[in-house]
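Chemist: With the hints as extra help, turn the sequences into a complete structure.
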Amino acid sequence: GNSVTQMEGPVTLSEEAFLTINCTYTATGYPSLFWYVQYPGEGLQLLLKATKADDKGSNKGFEATYRKETTSFHLEKGSVQVSDSAVYFCALSDETSYDKVIFGPGTSLSVIP
Amino acid sequence: EAGVTQSPTHLIKTRGQQATLRCSPISGHTSVYWYQQALGLGLQFLLWYDEGEERNRGNFPPRFSGRQFPNYSSELNVNALELEDSALYLCASSLAYSNQPQHFGDGTRLSIL
Numbered sequence: 320g321n322s323v324t325q326m327e328g329p330v331t332l333s334e335e336a337f338l339t340i341n342c343t344y345t346a347t348g349y350p351s352l353f354w355y356v357q358y359p360g361e362g363l364q365l366l367l368k369a370t371k372a373d374d375k376g377s378n379k380g381f382e383a384t385y386r387k388e389t390t391s392f393h394l395e396k397g398s399v400q401v402s403d404s405a406v407y408f409c410a411l412s413d414e415t416s417y418d419k420v421i422f423g424p425g426t427s428l429s430v431i432p
Numbered sequence: 011e012a013g014v015t016q017s018p019t020h021l022i023k024t025r026g027q028q029a030t031l032r033c034s035p036i037s038g039h040t041s042v043y044w045y046q047q048a049l050g051l052g053l054q055f056l057l058w059y060d061e062g063e064e065r066n067r068g069n070f071p072p073r074f075s076g077r078q079f080p081n082y083s084s085e086l087n088v089n090a091l092e093l094e095d096s097a098l099y100l101c102a103s104s105l106a107y108s109n110q111p112q113h114f115g116d117g118t119r120l121s122i123l
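Line by line, the protein sequences are chains A and B.
Using the working numbering, you'd call the opening residue of the first sequence number 320 and step up by one each time.
Using the working numbering, you'd call the opening residue of the second sequence number 11 and step up by one each time.
These aren't lab readings, by the way, just hints derived from the structure by calculation.
All residues carry an ideal CB built from backbone N, CA and C; glycine is no exception.
Nothing false has been slipped in among the hints.
Keeping only pairs whose Cα atoms sit at most 20 Å apart, straight-line, the calculated SDA-like set for lysine to any residue is:
| id | chain 1 | residue 1 | chain 2 | residue 2 |
| --- | --- | --- | --- | --- |
| 1 | A | LYS396 | A | ARG386 |
| 2 | A | LYS387 | A | SER377 |
| 3 | A | LYS396 | A | GLN364 |
| 4 | A | LYS375 | B | GLN110 |
| 5 | A | LYS371 | B | LEU105 |
| 6 | A | LYS371 | B | PRO111 |
| 7 | A | LYS396 | A | LEU366 |
| 8 | A | LYS371 | B | GLN110 |
| 9 | A | LYS375 | B | PRO111 |
| 10 | A | LYS371 | A | GLY348 |
| 11 | A | LYS379 | A | ILE431 |
| 12 | A | LYS379 | A | SER404 |
| 13 | B | LYS23 | B | ASP95 |
| 14 | A | LYS379 | A | GLU335 |
| 15 | A | LYS379 | A | LEU332 |
| 16 | A | LYS379 | B | PRO111 |
These stretches of chain A come out as covered by chain B in the derived footprint (C-beta under 8 Å, 3 or more residues):
| id | segment |
| --- | --- |
| 17 | 358 to 370 |
| 18 | 422 to 431 |
Modeler: So this is what it looks like as structure tokens:
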């Protein structure tokens, strides 16, 4: 079945450091891929998405490229800020399942000044 | 555009009671999803409704139930509350087509005393 694997957290970085959160997936069809962010006390917000291979999603300085050959969708940001402290979820939606979105377990990020 | 709204924000109940949580989707969205997020854990899929019908259900006991109304709003009912039901309950909505991202509300924090 479909699944999403993320690097385990928590991840702690200093302000202005480079961020990578790894995400790999297993899917039977041609999934769309998403990154969601959850700030403390809030629901999830869609951060970015990519719908086909080699697409790059980007938003608020975050980027992720849909790599079909490595079944990956790693999240990157060149210079993190304290305000980026949150939990990040990788997710996929597969047209063959027409079903719920499959979420990864989430990666907690803390950025310290 | 108004986002997904959930009510109440917080709900305190005792063991054995019943809880009702409500969700209004984004205008034009016909699919509504419910998730449970226990402290320190990821998202656990509960229920998916579309066009008034239950389309899929996660691995939860029958005391978790819900419905979707003609205006696409939804209720989640939890009967015979247990201590382990304490969690953040998130509602999400999406367009009915496959591979669409879900948009989340800020959740209802359910506390069982």
